[in-house]
Every structure is written in C-alpha cells, then in structure tokens.
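These are the residues of each chain, in order.
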Amino acid sequence: MKMTYFYYLLRSTYQNIRQHLVINLISIFTIAFSLVLFGLYSFGYLNLKKTLEDWRTDFQMIVYLEDSISKSQLNSLRHFCESSPAVARVVHVSKKQAMQRFRKSLGKDSSLLRGLKENPLPASLELQLKNKVKDMQAVENLAKQIGKQPGVEELQYGQQWLRHFFSLMKLLHIAGLGVTGFLFFVTVFIVSNTIKLSFYSRRDAIDIMELVGATRFYIAVPYLLEGIFQGLVASLLSVGAVYALYYYLVSWLRQSFPFLQGMVSLAFFTPGMLGGFVALGVLLGVLGFLVSFKWIRGS
Amino acid sequence: MSSKKWPRMIRVFHLYKSYLPTVAVLQDVSFTLEAGDFVFLTGPSGAGKTTLLRLLFAAERPKSGQILINGKNITSFSRRQIAHVRRSIGVVFQDFKLINYRTVFDNVALVLEITGTPRNEIKKRVWKVLKMVGIEQKLYRYPLELSGGEQQRVAIARALVNDPQIILADEPTGNLDFEITTEIMNIFNNVNAQGTTVMVATHNQLLLQKFKRKVFTLHNGMLQEGVPAQENQ
Ligand SMILES: Nc1ncnc2c1ncn2[C@@H]1O[C@H](COP(=O)(O)OP(=O)(O)O)[C@@H](O)[C@H]1O
Ligand SMILES: [Mg+2]
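The listed protein sequences derive, respectively, from chains A and B.
For the first sequence, position 51 (counting from the first letter as 1) is numbered 51 according to this note's numbering, and the numbering increases by one without interruption.
For the second sequence, position 189 (counting from the first letter as 1) is numbered 189 according to this note's numbering, and the numbering increases by one without interruption.
Treat the hints with care, as some may be off.
Said to hold, decoys possible - Chain B residues, not near chain A, derived (Cβ > 10 Å throughout): (1) Arg61; (2) Asn73; (3) Leu206.
Claimed, not checked - Result set (DSS-like, lysine-lysine): computed pairs, CA atoms no more than 30 Å apart in a straight line: (4) A:Lys95 <-> A:Lys117; (5) B:Lys97 <-> A:Lys196; (6) A:Lys2 <-> B:Lys212; (7) B:Lys124 <-> A:Lys2; (8) A:Lys2 <-> B:Lys123; (9) B:Lys212 <-> B:Lys128; (10) A:Lys95 <-> A:Lys196; (11) A:Lys148 <-> A:Lys96; (12) B:Lys97 <-> A:Lys2; (13) A:Lys2 <-> B:Lys128.
Read the hints as simulated data drawn from the structure, not as lab findings.
Yeah, the Cβ is synthetic: ideal placement off N, Cα and C, and Gly gets one too.
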C-alpha cells in the first residue's frame, strides 16, 4: 500500500473522530469502564490468590500419635514423613512438650491443670507443608498414606478450611470470567452502535465516495481505525485509573493500619499484563467495528 | 492517454430497465459512442435519462442487456471492479452530490485521494481544474456557502480532475441562467476537444439548438438518434 494512500485513510479517520467527538467519547468511556471493572477484578483476584498462597506457606499438618507408639515406630513414621516430597519440615512434639505449650497458652489459668493426674495430651509430629503443594488432592493423598502408618492416632490438617479455600478460588474465577464476558458483550454492543451512528451520519458522504470510485476497503478502513483508536485510548485511560485506585488503596491501608507497615505488599500488574490490557481494549474496539460493519453490510 | 486506442468508448446492447415489474423505464436501448463523441441525451422529464446515465456508471443494474465501457462488460462486474471503472468516468450529478463537511478543495481532491495520488500532485491538479471552471477563489469554502451555479462548477471540477475518458452530465445546466450555461457548455466542449467522450442529459431544447451536436432522444423508454420532428420546433 502506498504511503499517501495510508495518509488519506488516517486523515479521514481523524476527521471522522473530530466530527463525532461525543460519540467517540461515549465509546471510549464504555470500553474504559468495563476495562476498569475487569482490572479491579483481576487486581483483587491476583492479590487474594497471592495472600492465600502466603497463608498456605505456613500451613501445617498435625499427626497425633498413639501413646503406645514404640520408639522404632516413631522413627520410621518420622522418616516416612520426611521423605514425602510435599513435606518441608517435621517437628516432634512430645507429650511433655505439648503440656508445657498448653500450660503456657493458658497463662494465668494454668492453675486449672494442677488437678490432672496424668497428661491427657497426645504427642504429635508437626509437618510443615511445602508451598508447591498446589492442589487439594495431593494433600489428601499424603494424609491418607500417613493415616495408614502404625502408631498414628489422628490427623489434623484443616480439611474443611482447605476445601473452602480451593472452591472459593474456583468460584471467584468462574464468577469473574462470567461477569467479564457479559461486560465485554455489552461493551462490544455499545461500541458497535456508536460506530453505526457515526457511519449513518456519514451515509451520504459514503454513497458519494462509492459513486466516484472509492473501494469498500477505502471506505471501511477509517471506521476500523476509529475502533482501534477508541480501544487504545480507553485502555490507557483504564490502566491509569486502575493504577490510581491501587495507589490510593495502598496509602489508605498504610494510614489506617499503621501496624501493617511493611506488611502491605499489594501486587500490581506486570508489564506483560498491562500489554494484555491494551490489547484487550483494542480488541474490544475492533470487535465493535466488525459487528457494526457486518450489520451495515447486511442492511 | 491516447483516445485513438479505444475507438469504441461506450457500447450498449438491448438494454432493459424497470424499477417496478409492470413499468418499463428503458426498452431495448442500444447505441455506440466513440472516443471523442459528444452527445445530448434528451427527452421529457421522466423519460429515463437519469436512469440510463446511472446504468452507464453501474449505479443501477439492468434487467437485461449489456453495457461495454472501454471494451469491458460492466454488467457482470464485481463491486471492486465497478469502483475501478468509475475512476475513468467523470459524473456530474443532477443534485451535485457534494460532501457538505468537506471544503471545495477536499471535495475535488477526494477523487484523487482514493487512488493514492501524492499530495503535491493533488494540490496542483485540483488548483488547475478549479481555475478551469472558474472557482479557484472559493477553494476553502464549504459547498453550502456557495450558490447553485458555483456548486455545479465544483461538481464539474470533481468530474474532470481525474482526466476521465468519459464525462456523463445529468442536467448540468438545469437551474442556471443562460450565461453560466454557455460557460459550462464551453468547458464540456473544451474537454471533448481533447478526446473525452461526453454525454449530457438535458430536457432544455434551447441547449440543443445553440450547440449543434449529436442527439439521442428517449421516448416511451426507447432511444432514437436525432430529435423527433414534434420536439424540434
Ligand atoms: N429509484 C426509483 N424507483 C422507482 N422508480 C424510479 C426510480 N428512479 C426513477 N424512477 C422512475 O423511472 C422513470 C424515469 O426516471 P428518470 O430516469 O429519473 O427520468 P428523467 O431523468 O428522464 O427525468 C420515471 O417514471 C421515474 O418515476
Ligand atoms: Mg433526471
């Protein structure tokens, strides 16, 4: 394509946009609005996921031992636990240590324990799980295997909590995708309608251009470029908006909760994600164009 | 461009056209125009003059029959091919068809822009053709700021700027006084003298009498060469 040809297409696009500034602003704000919502959702999801993963890092599985466990049984159980790839560290807590801890945790009320004739607390192995244990299944498999070992009385690893955690993440993900999909659908609808409006107010000019020999391509390209322009501007606006919201959220957290100082580390988007954001905005603009053009050609 | 190379510029064979199934607008119209021909297309209002011109630049499709422009049968052309053949035909529309939000310059330049002509060349050629039709001082005005005669000149300039092989003009002097009419006819004469085929539709008998040229008359949807006796008075 000749450069001059492209220049005329660009100029025509510019004229269209200038002529239909309000219509274009509506499009841009629509795209930006849904991108901001999508951005906030992604941002929230990203941070929730990160937080939950941090929690999971110090997630423990407690293996309570029978009082009758022999020394060799204890040793082999310990060895078994240590050799599991999911386990980071194993700490043995004897009956005596358990009691000491319990007494400490009661503080002033520890006098209540004085009347006890024997120590009712079981000894245990505390397993620190590795961060890379990603899914529920792996944790449950490990529990099942340990439960089969001799000398194990009971396992405690917050199955309920874990299960909730994983299904919550899944739910969030599905809900987020659903809402985002709907939002994008509405956006494409609105954008395509604004392009239709701008097209219809140009109907006469377009007819004239066809009569003097303009190709459909030449006529259509400025509208495509208009869609791309809208998406581009909208995505930059929404990146700015999401960043501003992020910035205020962080400084609000710091001020309102001084004790969190140094602990607040909200994750922001990576450059790659920002690029994806812009691409998404452009895609919405182009889809708006395609929908409107298909409709215009059909009529 | 050499007009000698294409002696037969427009050939029309057994053309039929109707908008409503029961009313025939054109019936079995056939004629040939050679390069450098100048012809008036006449007939009473509603005779089908505009329809015939629109068929020639493929704004309408015939019910049957063939139209050859420069040896190419445009009746079977695709949209894209039609766009290209229109670039060799300058059309002056009855209602001007200027783009109101573009200046005079930009209206005329449009024809060259769609072919990707460089900006400098566009400036030169638009200026030249505006000067030729005598409206170069209104370069940056908008169509609605001009009189009817001035808009007509802009429309003619746009039709001429691409050096077309064919000029089709639909009532180009419709509502203009005789002085301007003469000027405009002189422009067409000059263009024709350079080898461009010109077809001017008019119901104005004075025009036919003043400028003695070949005449096609449409009557009851049929075309005959020359002016029928009853209309020649
Ligand atoms: N788009 C159309 N739809 C229906 N009838 C039309 C249309 N255009 C023209 N006609 C009819 O075709 C006939 C010829 O019209 P036209 O070609 O404009 O005649 P002229 O230009 O000689 O006055 C007229 O009867 C007119 O009413
Ligand atoms: Mg007419």
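List in ascending order the numbers of the hints, as given earlier, that are violated by the structure. 6, 10
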